[in-house]
Amino acid sequence: MVSERLKRIILQALQLEDFDMQDETTASMVPGWDSLSHVRVIIAIEESYGIRFKTLEVIRLKNVGELQRMIAAKSG
Amino acid sequence: MLFSSPIFLFLFLPIVLAGYWLVGRRMRNLFLLGASIFFYVWGEGRYVVLLIFSIFLNYTFGILAARYRESSKGRLVIWLALLMNLGALAWYKYAAFIAGNINFILSSIEVPPIQIQNQDLPLGLSFFTFQAIAYVLDVYREETAPQKSLMKFALFMSLFPKLAAGPIIRHEEVAEDLTDRKIDLELFSSGVRRFVIGLGKKVLIADTIAKTTEKIFAIPGQDLPLSVAWLGILCYSLQIYFDFSGYSDMAIGLGRMLGFKIQENFNYPYIARSLTDFWRRWHISLSTWFRDYLFVPLSYALMTDRIRKKIGEGKYKTNYRSVFSIVVVFTLCGFWHGAGYNFIAWGMLHGVILGLESLWLGKVITKWKAPFQHAYLLFIVTMAWVFFRSPGVKSAACYFKALAGLTSPNTLYYHISLYLNTELLVALLAGVVGATPFSKVITEYLERESMQRLIPFAEVAFIILVLLASFASLAGSTFSPFIYQKF
Numbered sequence: 001m002v003s004e005r006l007k008r009i010i011l012q013a014l015q016l017e018d019f020d021m022q023d024e025t026t027a028s029m030v031p032g033w034d035s036l037s038h039v040r041v042i043i044a045i046e047e048s049y050g051i052r053f054k055t056l057e058v059i060r061l062k063n064v065g066e067l068q069r070m071i072a073a074k075s076g
Numbered sequence: 077m078l079f080s081s082p083i084f085l086f087l088f089l090p091i092v093l094a095g096y097w098l099v100g101r102r103m104r105n106l107f108l109l110g111a112s113i114f115f116y117v118w119g120e121g122r123y124v125v126l127l128i129f130s131i132f133l134n135y136t137f138g139i140l141a142a143r144y145r146e147s148s149k150g151r152l153v154i155w156l157a158l159l160m161n162l163g164a165l166a167w168y169k170y171a172a173f174i175a176g177n178i179n180f181i182l183s184s185i186e187v188p189p190i191q192i193q194n195q196d197l198p199l200g201l202s203f204f205t206f207q208a209i210a211y212v213l214d215v216y217r218e219e220t221a222p223q224k225s226l227m228k229f230a231l232f233m234s235l236f237p238k239l240a241a242g243p244i245i246r247h248e249e250v251a252e253d254l255t256d257r258k259i260d261l262e263l264f265s266s267g268v269r270r271f272v273i274g275l276g277k278k279v280l281i282a283d284t285i286a287k288t289t290e291k292i293f294a295i296p297g298q299d300l301p302l303s304v305a306w307l308g309i310l311c312y313s314l315q316i317y318f319d320f321s322g323y324s325d326m327a328i329g330l331g332r333m334l335g336f337k338i339q340e341n342f343n344y345p346y347i348a349r350s351l352t353d354f355w356r357r358w359h360i361s362l363s364t365w366f367r368d369y370l371f372v373p374l375s376y377a378l379m380t381d382r383i384r385k386k387i388g389e390g391k392y393k394t395n396y397r398s399v400f401s402i403v404v405v406f407t408l409c410g411f412w413h414g415a416g417y418n419f420i421a422w423g424m425l426h427g428v429i430l431g432l433e434s435l436w437l438g439k440v441i442t443k444w445k446a447p448f449q450h451a452y453l454l455f456i457v458t459m460a461w462v463f464f465r466s467p468g469v470k471s472a473a474c475y476f477k478a479l480a481g482l483t484s485p486n487t488l489y490y491h492i493s494l495y496l497n498t499e500l501l502v503a504l505l506a507g508v509v510g511a512t513p514f515s516k517v518i519t520e521y522l523e524r525e526s527m528q529r530l531i532p533f534a535e536v537a538f539i540i541l542v543l544l545a546s547f548a549s550l551a552g553s554t555f556s557p558f559i560y561q562k563f
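Residue numbers (this note's numbering), protein chains in the order written: chain A, 1 to 76; chain B, 77 to 563.
Isolated chain A, as found in the complex (with noise of 0.2 Å):
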């Protein structure tokens, strides 16, 4: 499950109004989702969550889904 907190700052760094998530939901799925814009959402995550991520930890991720797993490991 995508959580809502997640789901809010990524529409937010994308600029997005709303756009329906799910674990599988990929990066080319979203609009706008593009390596460019790819660096604001993880910083904007590292930046709430208080987490930093390997530089290609973020560039191998294969969804959403494996997305909040990894804040999760991290920020647990």
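Incorrect hints may have been included.
What the hints assert, rightly or not - Only pairs whose alpha carbons sit at most 20 Å apart, straight line, appear in this in silico SDA-like list of lysine to any residue:
#1 A:K7 - B:K391
#2 B:K439 - B:D353
#3 B:K443 - A:M29
#4 B:K393 - A:R8
No wet-lab data here; the hints were simulated from the structure.
Use these hints to put chain B onto chain A, whose structure you have.
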């Protein structure tokens, strides 16, 4: 030795495949390494020394990068690896270009110029250098384990299917295959089919269209009529796609015949609906290289604490820093293709438009109807190819004038009817159809209509047809190298 040359098709490949099956599992790596080195020596002779030197050097860097991870020694290893690899590339590919630019400045202050001869670019140097850099960085970042066996590492670097022009493979992708690869009949036959498709793309479509491209781009810019200029750029757009994706298909096919599963390099780029989408589909191994090893580190490095805080508070609305990074990265990507301002212009144009798409253009485009999105993408990409194909920025500018109808051409001497012929029209039609996933549509149709049994039959018939036509075409053709082998 080109994949589409008779010597490769009728001598090298059959001998290598037969030998590969005969020597047995344990000797296969050694045999394949020998064949790959032979392949390189045949093509480049003495420069094999450079390849071997690069193998030893990067093998050592990999071991050291793993040993000294996260320490100052480790960082030193990384910088040394970058310096040595990029140094070799700079010397062979860019020395004359850089010297030329320096001399331009020196001449204005009346200092004698630097004398540097134009170097021959060793075959595949741009590709294996990038592969080596990715390897050392991946080891350092714990993305892959260092390759302990020198022989396996040498094979990873020199594997002949991808040696001349990629795809740029990652160590992690093939690490298992290097140790133990299973080749079954299914993988082998899919490799053969893929190779034949690639051969057909190159020989039947790219090489046929190339004849017209050459003629049109040889016309002096001021004499080029509007219609001929548009035909020329249409031809080149299809030629470069079929040339390079054909080469990639052949590389992937050869890899499978030998038990290596190499990642896809193209995914119907011309059906993309934005430039961002295009770069997820065109030369994927290179664009991901630039993303992972240059764009990501650069754009994160530019995010200072102040910017991070702004992003956290949702106050950093316009992501100028990432836009700056993408322009820098794509300009370098252009420069990677060749030491010339035309390549720099090509890359910069792509970077700027990608940046604009990320800022606002992308959101505008998504609201358009599909045909307009396709038209937009094809317009951008074909216009950029003018820089790519022209020998310099000046001649590109002349070509743009012709495309805009701003020349006063000799329409009689260079009339479009002189360039259109049945052979070209057939190749163009095949090219336009082949650039779309048309075969998938047919397969799905047959499946829907419960005619699955026809699929294998149709496929085999098609493959045989392509193979025979390619052989027939090769018998009467002259030498025509792959475009990307020049890079």
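Do the hints match the structure? See the list:
1. Simply put, K7 of chain A and K391 of chain B have alpha-carbon atoms about 18 Å apart, close enough for the 20 Å limit, and the pair holds.
2. Taken as a hint, the K439 of chain B and D353 of chain B pair is honoured in the structure, with Cα atoms around 13 Å apart against an allowance of 20 Å.
3. Pair hint K443 of chain B plus M29 of chain A holds up; C-alpha atoms about 15 Å apart against a cutoff of 20 Å.
4. Restraint check: the Cα-Cα separation between K393 of chain B and R8 of chain A comes to about 16 Å, which is no more than 20 Å; the hinted pair holds.
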